[in-house]
Structure formats: C-alpha cells, structure tokens
Amino acid sequence: AQSVTQPDIHITVSEGASLELRCNYSYGATPYLFWYVQSPGQGLQLLLKYFSGDTLVQGIKGFEAEFKRSQSSFNLRKPSVHWSDAAEYFCALRRDYKLSFGAGTTVTVRA
Amino acid sequence: DVKVTQSSRYLVKRTGEKVFLECVQDMDHENMFWYRQDPGLGLRLIYFSYDVKMKEKGDIPEGYSVSREKKERFSLILESASTNQTSMYLCASREADTEAFFGQGTRLTVV
Chain Z
1 AQSVTQPDIH ITVSEGASLE LRCNYSYGAT PYLFWYVQSP GQGLQLLLKY
51 FSGDTLVQGI KGFEAEFKRS QSSFNLRKPS VHWSDAAEYF CALRRDYKLS
101 FGAGTTVTVR A
Chain C
112 DVKVTQSSRY LVKRTGEKVF LECVQDMDHE NMFWYRQDPG LGLRLIYFSY
162 DVKMKEKGDI PEGYSVSREK KERFSLILES ASTNQTSMYL CASREADTEA
212 FFGQGTRLTV V
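Chains as they are written, first to last, in the numbering used here: chain Z, 1 to 111; chain C, 112 to 222.
No lab work stands behind these hints, which were simulated from the structure alone. There may be inaccurate statements among the hints.
[What the hints assert, rightly or not] Restricting the straight-line Cα-Cα distance to at most 30 Å, the calculated cross-link-like pairs of lysine-lysine (DSS-like) are: (1) Lys98(Z) - Lys166(C); (2) Lys68(Z) - Lys166(C); (3) Lys49(Z) - Lys124(C); (4) Lys182(C) - Lys114(C).
I would like the entire structure built from these sequences, with the hints used as guidance.
In structure tokens form, the structure reads like this:
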C-alpha cells in the first residue's frame, strides 16, 4: 500500500511566485516526515524534516512545511521561487528502519 | 559533513553479467540502504542493513543481493543483470534518529 502520495507529478511556476507541493501520508503512529530535493544528475538533499513538536518546520533555501495530522499532510511551501528551485522534490516517511518515498513532483520555473 | 560515496556514476553492463555497486559512508552510521529510482515511481527500497552482516529485504529485492562485511561499506549485487534493472541506484546511510544522507547515484544501463 502506498504510504506516501504526492498528487502532483509536475508543477510549473513563474519566478517570484509562490510554490506549494502536496504530500499525503498513511501511517498509524507519529510520523517522521522529510522533504528532499534532487537537482538533475544529483543525489538527494534534505530540505527539512519533522519529528515532533512545532508543526511548522523551517528548512534550507527558504522552504517550509506544515504538518497537519488531521489531514495526514505535510505540504512544502516557498513564498518566492527562484530559477534555481527547478528540480524534483520528494516527500518521505520513515517507518521503523525504512524510508518510503512518494513518486516525486517535478518543478519547472519559468522566467 | 557526512559523505556517502558511490564507486561509479555511470555503468554499462551486458545482460547476464554479475554487477557490483559499491557504497561507502564516512560517519559510522548503523543503517545503510539501497534504492532504485525510476521516472514516475520515485525511490523504491531494495535492501537495507542495520548492522554489519545484517540485512533486510526492502520492497523490491528480487534479482538483487547485498553484502555488508564492514560498517562503512554496503554493496549491492546484481547476480545476473537484466535489461529491466536499468535504472538509477542510490545509496543512503543514517544514524538511528537522523535523516538519511544520499550518495550521488549510479546510473546503470544493462544492454
């Protein structure tokens, strides 16, 4: 069963506009959640993580994410997108030893 | 900084060959992982190891095996490579309650 769903395969956004990437998870216990970014030809870089506590999490590169238990969501946001944010973004859930990933969302930034 | 190093960025192998993908981490992490990444499918866990000589199957272990003789090194083995194993392979490591750190990936093509 899919434990992490990213509903949007591809998003196009104008430079300077805001960005929101959706992530829904399925897990009975308190989740450990992550957002990773992958630039073309590169490995994955951690943007931010949620383990517990404050539900609004700040990350690198101006990104933030909000954990909403009632909606089983962990959406990623950025107020103003830069051309360098064009990449693929992955939401991930840690269950026991395993890290399960969503299918990813590709972000294209237009000038 | 944590460094996870995969021995090759690009590999081309023939069908039926035995293929070794090597991964080394320098942070004394207990847990190591092998994923494959395919377009539209995100990252799927092949195998993971939580200690030396310990391994667990992930979600798609068929056609693969692993070896962890030393804590810092985790090898993925394709016993008899097939064209459907053409993919990007990503190694990761982490300590118990931290995020995973990824290598740069190995793009394997089986012809």
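Quick rundown of the hints versus the structure:
no.	hint	in the structure
1	Lys98(Z) - Lys166(C)	12 Å, holds
2	Lys68(Z) - Lys166(C)	34 Å, violated
3	Lys49(Z) - Lys124(C)	37 Å, violated
4	Lys182(C) - Lys114(C)	14 Å, holds
In summary, the numbered hints that this structure violates are 2, 3.
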